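> Protein sequence lines correspond, in order, to chains P and D. Just so we're aligned: the first sequence equals residues 42 to 784 in my numbering. Just so we're aligned: the second sequence equals residues 13 to 206 in my numbering.
Read the hints as simulated data drawn from the structure, not as lab findings. Remember, it's a predicted structure, so these values are computed and weren't measured experimentally. Be a bit skeptical, because a hint or two may be false.
[Claimed, not checked] Computed cross-link-like contacts, DSBU-like style, restricted to lysine-lysine with a CA-CA straight-line distance of at most 30 Å:
| # | chain 1 | residue 1 | chain 2 | residue 2 |
| --- | --- | --- | --- | --- |
| 1 | D | Lys204 | P | Lys60 |
| 2 | P | Lys253 | D | Lys127 |
| 3 | P | Lys85 | P | Lys122 |
| 4 | P | Lys308 | D | Lys73 |
| 5 | P | Lys656 | D | Lys169 |
| 6 | P | Lys656 | D | Lys127 |
| 7 | D | Lys68 | P | Lys580 |
| 8 | D | Lys204 | P | Lys85 |
| 9 | P | Lys673 | D | Lys204 |
[As the list claims (entries may be wrong)] Covered stretches of chain P (chain D as the covering partner; in silico rule of three or more C-beta atoms under 8 Å from a C-beta of chain D):
| # | region |
| --- | --- |
| 10 | 351-364 |
| 11 | 650-662 |
Each residue gets a CB set at the ideal place from its N, CA and C atoms; glycine is no exception.
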Amino acid sequence: MAEVTYSWPENHKARLIGKRVSRLDGMEKSTGAAKYTYDVNLPKQLVVRALGCPHAHCRVISVDTSAAERVPGVVLVHLIKAPKPGDDPVEIRADGTLLVAVAGETEAIAAEGVSKLKVKYELLESFVADHDLQAAEAKKRTKKAGGGIELDEALGEPGDDDDEEEWEEQKVQELFAQSKYVVEGNYGIDTITHCCLEPHGSTLHWEGDRLKVNLSTQNVSRTDDGYADALKISADEVDVHCEYIGGGFGSKFKPDYWGIAAAEIAKKAGRPVKFLLTRDQELKIGGNRPSGFIDVKLGADENGVVQVWDSHHWGTSGFNGSTVSVGNFPYVFRPKNWRRRATGIITDNEPSVAWRAPNHPQACAITQTAYDDLAAKMHADSLDIFLRNLENIDSPEKSLVYAEQLRIGADLIDWRKHWHLHGKGKRRGSVVEGLGIGIHKWGGTANSSNCLLKIHPDGGVESYCGTQDLGTGTRTICAMVLAETLGLPIEAVKVNIGSSTYPFSGASGGSTTVGAVSESHRRAAQEVLAQLFELVAKKLEVPADKLEASNGSISAVDYSGKAMSWKQACSLIGIQPLEVTSIYKRGDDSPLSSSNVAGCQMARVAVDTDTGVVKIIKMVAVQDMGLVMNRKTAESQVYGAMIMSIAAALFEQRINDPKTGAFINSELDSYRLPRLGDTGELVVHFHEPESERARGVIGLGEPPAISGGAAIANAVCNATGVRVPTLPLTPKRVLDALRTAKG
Amino acid sequence: MSQQSSQGVSRRGFLKGSGAAVAASSVVSSTEAEAAAPGLQVVSGETSITMKVNGKSMAAKVEPRTTLLDVLRYQFDLTGAKPVSLGGSSGASTVLVGGKAVMASTTLALAVAGKEVTTCESLGGDAVPSAFVEHDAQQCGFCTPGFVVAVRAFLNKYPNATEEQIRAGLNGNICRCGTYANILQAVISLVKGN
């Protein structure tokens with residue numbers, strides 16, 4: 042059989058790829074038929090609730106479970122992170138840490154049981170002031186988190202007798218002395234939480250020694266080993282299922298310790314168990330993104346091109362004490378001379394986990410604001426300054442792409458019409474308007490993915506792949522690729538995903554899933570079609586390479602009339618289904634997918650200088666993504682990412698009580714997220730010249746979630762003429778900045 | 013606190029009024045109730061109630077603390093309404109009681125006895141879910157059923173809503189994935205189709 046050459050159909054031939062296809066499970070989601078982990082009710086299940094530690098830093102001395110055990114309907118009480126009688130105290134480092142679980146017949150019973158637990162704590166000093174580097178140093182709560190320096194070769198090398206650091210310091214200071222413009226600033230972005238609407242958790246049961254888990258997970262194929270390790274069983278004894286997941290955003294890759302506790306409780310009780318976090322637990326321990334604060338000094342030449350960058354940033358990832366990764370400072374821009382340093386701060390909070398585009402949104406928000414302040418200092422147009430600095434970026438080959446995207450974005454937001462110098466716009470009553478920009482980058486390499494494709498002799502088509510649909514429309518992409526390749530209507534293919542019993546597919550993280558399943562499903566479909574073509578070719582007496590599949594039939598190009606229906610063709614298979622398992626490994630060179638995108642966002646905002654309230658008038662996203670698969674769901678990804686950027690720029694923040702360390706806004710009435718009325722007009726533009734299409738599929742989930750925060754912060758500065766240094770730009774922070782500027 | 017769905021009400025007693033739903037805060041001890049309000053009755057322990065759900069009469073066993081959301085999800089297997097924020101600030105548990113949008117998570121089941129409840133599961137033939145699909149007004153989908161019901165209730169009241177009214181009138185529901193732009197388009201299309 043001839044070797045299959047993988048490729049995508051030409052644009053004019055594509056029926057589904059690149060078109061607007063409604064998601065296949067849309068009606069199930071809209072009418073409540075879609076069953077999420079939280080919705081799975083197993084016969085005789087117990088419901089588990091747990092006591093979250095009310096203190097940020099303490100020792101748990103002892104737990105009295107007797108009253109909880111006496112609650113009618115409570116079946117058992119299980120220690121999670123608490124000492125057994127006689128054991129040493131257990132140190133707790135984060136508010137919300139689960140201490141003791143109670144399993145009962147209903148949620149209400151389990152909750153009542155939790156309320157009866159009596160715990161003795163020894164309170165320890167807590168520290169949560171992640172913005173306050175000096176205080177952290179005084180409390181010995183800091184850790185070095187990397188850094189480095191790069192100086193233009195033209196500056197030479199230190200001599201043999203020179204102290205290297207002193208020489209570097211001297212050169213950096215010389216560069217600042219030569220700079221026409223020097224900007225010094227302090228910027229920041231607070232910790233936010235993932236706040237998945239379906240909390241983390243599982244509904245599971247044992248069948249003998251086999252553990253069957255319905256898990257709200259982004260990682261269907263690879264959580265079994267996490268259970269196996271913890272429970273001392275083997276991965277082949279664990280089946281994980283997730284048909285639908287109610288949000289993950291990077292936080293749902295593992296069973297988590299409460300998932301292991303659920304399995305242990307189910308084993309002890311001999312009954313199925315449902316254990317999902319409560320809302321406040323979801324916010325406290327379900328996942329958070331590190332904060333970042335920075336002191337920056339930059340020097341630019343007379344054209345506003347930055348020649349030297351010097352920064353020290355810090356922040357917290359919780360009690361493990363890291364911060365935003367130093368590698369991306371300044372973000373996208375890369376002057377010829379830079380020095381950067383990072384310090385992690387150890388706070389009494391749950392450790393961070395990956396958050397949509399890990400590190401990038403923070404790096405963007407606290408460095409591209411400095412570039413905008415350069416424009417303000419020069420009394421220059423921010424767009425010009427961003428464009429001029431494209432001569433020094435970390436991916437020089439992308440500079441023309443950024444320039445084109447900035448031009449498109451400027452047109453879409455009507456930049457020339459609305460632009461004014463920082464703080465010099467017209468005032469309508471107490472309201473001023475402004476414009477801002479951010480630019481971003483992302484990899485988006487396809488993850489590994491395997492697909493089992495079966496073609497039945499009656500023409501039926503079914504596929505199996507252990508991937509998951511986070512809401513990006515993975516299920517629909519799988520079906521589109523198969524239907525496009527096999528020349529069938531989308532309804533004719535049955536896509537099965539969401540089970541670890543299916544062929545392996547990588548976790549959905551880092552914008553890797555659409556690429557992954559496009560690879561595996563296209564490969565499987567092309568391979569199966571090649572086998573089918575061999576059979577059809579013999580029957581029709583035509584060369585196999587002249588056959589094509591379209592409109593439900595297989596026909597020979599240039600042999601008019603030689604054709605047979607899909608069903609007839611499949612009847613040639615014989616009595617057993619035709620099966621192919623495709624294998625795609627991440628990093629394999631492929632004509633179907635690639636990586637590395639650019640992108641820009643622009644925001645136009647209105648700021649009420651009396652109330653400090655910021656409103657989005659309009660936001661524009663210009664995004665390249667290689668080959669667009671499903672235009673409809675791709676647009677939704679970008680809309681959603683822009684709204685998440687608005688959330689982090691204006692609304693959401695974890696607030697810790699400075700004295701007790703408690704996470705005090707862990708409910709949705711106080712952990713503010715934008716609502717429908719808060720989003721303004723959003724415009725999405727895909728930058729897709731033919732050269733982009735030819736790159737194949739590139740992940741889209743992360744990139745548009747990066748630069749919106751910087752764009753909004755810069756727009757607020759442009760409106761008011763005052764930098765509000767830390768995101769989210771809450772009304773209080775806006776008013777404080779305005780007052781400070783007035784003096 | 014969302015940690016306990018029903019801590020506001022004890023298992024012991026629920027003050028049942030003859031007319032409008034009694035708020036959880038009205039729950040008092042039986043002695044106080046008897047003294048304070050002739051004509052009201054105290055319901056204790058587990059009782060059976062019926063309600064008309066999506067046109068069908070259904071029976072449930074409830075305690076005073078049992079919420080409508082608990083009954084729908086655990087006794088009727090109607091899991092469209094979601095437990096996101098039990099204080100009601102997410103709107104994910106929105107259902108219609110007597111045609112009015114309420115949060116099932118903050119509505120006690122006893123207060124719904126004998127009433128008509130409509131959940132998203134009955135809206136398969138309604139124009140709202142179809143518009144959500146057409147405009148891709150859903151990503152992970154966990155908030156979607158609550159939004160669908162909220163939109164239905166909103167359009168019943170404001171069938172000719174302007175874009176400004178839509179932006180102002182659907183702020184009781186939260187979507188974490190950020191489908192607001194799509195929901196807005198879906199609702200605009202529904203108004204236009206009116």
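> Each hint should be assessed against the structure and marked as holding or not.
Tested hints:
A threshold of 30 Å between alpha carbons decides the hint, and for Lys204 (chain D) with Lys60 (chain P) the separation of about 24 Å falls inside it, so the pair holds. For the proposed pair Lys253 (chain P) and Lys127 (chain D), the alpha carbon gap of about 39 Å is over 30 Å, so the pair is violated. For the suggested pair Lys85 (chain P) and Lys122 (chain P), the alpha carbons sit about 27 Å apart, so the restraint of at most 30 Å is met. Pair hint Lys308 (chain P) plus Lys73 (chain D) holds up; C-alpha atoms about 29 Å apart against a cutoff of 30 Å.
In summary, the hint linking Lys656 (chain P) to Lys169 (chain D) is supported, as the alpha carbons are separated by about 27 Å, within the 30 Å threshold. For the suggested pair Lys656 (chain P) and Lys127 (chain D), the alpha carbons sit about 41 Å apart, so the restraint of at most 30 Å is broken. Distance restraint check for Lys68 (chain D) and Lys580 (chain P): the Cα-Cα separation of roughly 57 Å exceeds the 30 Å cut-off, and the hinted pair is therefore not satisfied. For the suggested pair Lys204 (chain D) and Lys85 (chain P), the alpha carbons sit about 48 Å apart, so the restraint of at most 30 Å is broken.
Taking the CA atoms of Lys673 (chain P) and Lys204 (chain D), the gap is about 21 Å. The hint holds against a cut of 30 Å. Interface restraint, the region 351-364 of chain P with chain D: violated (0 residues with C-beta to C-beta distance below 8 Å; minimum three). Judged by the Cβ-Cβ criterion of 8 Å, the region 650-662 of chain P is not covered by chain D as claimed, because only 0 of its residues qualify and three are needed.
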